[in-house]
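**Student:** Sequence:
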Amino acid sequence: MVSLAYGEDQRDGMQLHYPEVCYPAQGFMLQSQQRGVLEVVPGQQIQVKRLATQLGSSRRESVTYWTLLGDKTFSGGIAKKLAEMQYGMAGYIADGLLFRVSSIEPDPQDGYTLHETFSRDMMAGLPAEVRQRLIGLPPA
Numbered sequence: 089m090v091s092l093a094y095g096e097d098q099r100d101g102m103q104l105h106y107p108e109v110c111y112p113a114q115g116f117m118l119q120s121q122q123r124g125v126l127e128v129v130p131g132q133q134i135q136v137k138r139l140a141t142q143l144g145s146s147r148r149e150s151v152t153y154w155t156l157l158g159d160k161t162f163s164g165g166i167a168k169k170l171a172e173m174q175y176g177m178a179g180y181i182a183d184g185l186l187f188r189v190s191s192i193e194p195d196p197q198d199g200y201t202l203h204e205t206f207s208r209d210m211m212a213g214l215p216a217e218v219r220q221r222l223i224g225l226p227p228a
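Heads up, our numbering is the position in the sequence shown plus 88, with the first residue counted as 1.
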């Protein structure tokens with residue numbers, strides 16, 4: 089499954105909702121979360137967050153996601169907050185995008201591998217300007 093959420097104003101009251109908040113709000117148990125990197129295009133790695141969730145006794149869903157603030161990717165945390173402040177100090181209200189890939193399988197590691205393959209294949213089939221919008225600019 090793939091889901092994209094976009095918001096044109098990422099100030100505090102309008103921010104994207106993160107899967108580690110939304111999944112438990114829908115009844116899922118959050119079993120684990122970790123940060124990682126994906127190389128979705130050759131030579132460009134992006135920061136991601138990976139979650140292992142479970143609903144009831146049988147549905148296990150692994151999740152991989154990243155967010156963009158303006159043209160930079162983040163997996164959340166203090167770096168994103170600092171970027172928000174930098175944009176604000178420059179008089180710019182940044183937009184945001186959350187890109188989430190998830191799958192249902194018993195082993196989260198199998199899901200994370202599937203997510204990486206899917207993301208890489210998807211990005212390879214997109215025009216460069218669309219791909220850049222989904223994964224941000226390469227680090228300078």
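Derived from the structure by calculation, the hints contain no laboratory data.
Treat each hint with caution, since some may be false.
[Claimed, not checked] With a straight-line cut-off of 16 Å between C-alpha atoms, the simulated EDC-like cross-links for lysine to aspartate or glutamate are:
| hint | residue 1 | residue 2 |
| --- | --- | --- |
| 1 | K160 | E172 |
| 2 | K160 | D183 |
| 3 | K169 | D159 |
| 4 | K160 | E127 |
[What the hints assert, rightly or not] Quick list of the computed label-pair ranges, beta carbon to beta carbon:
| hint | residue 1 | residue 2 | range |
| --- | --- | --- | --- |
| 5 | L92 | Q114 | 16 to 22 Å |
| 6 | L170 | S145 | 40 to 46 Å |
| 7 | G144 | A171 | 36 to 42 Å |
Positions of the beta carbon are idealized from the N, C-alpha and C atoms, including for glycine.
**Student:** Checking against the hints above, which ones are violated?
**Tutor:** Nothing - there is no hint that the structure violates, so all of them hold.
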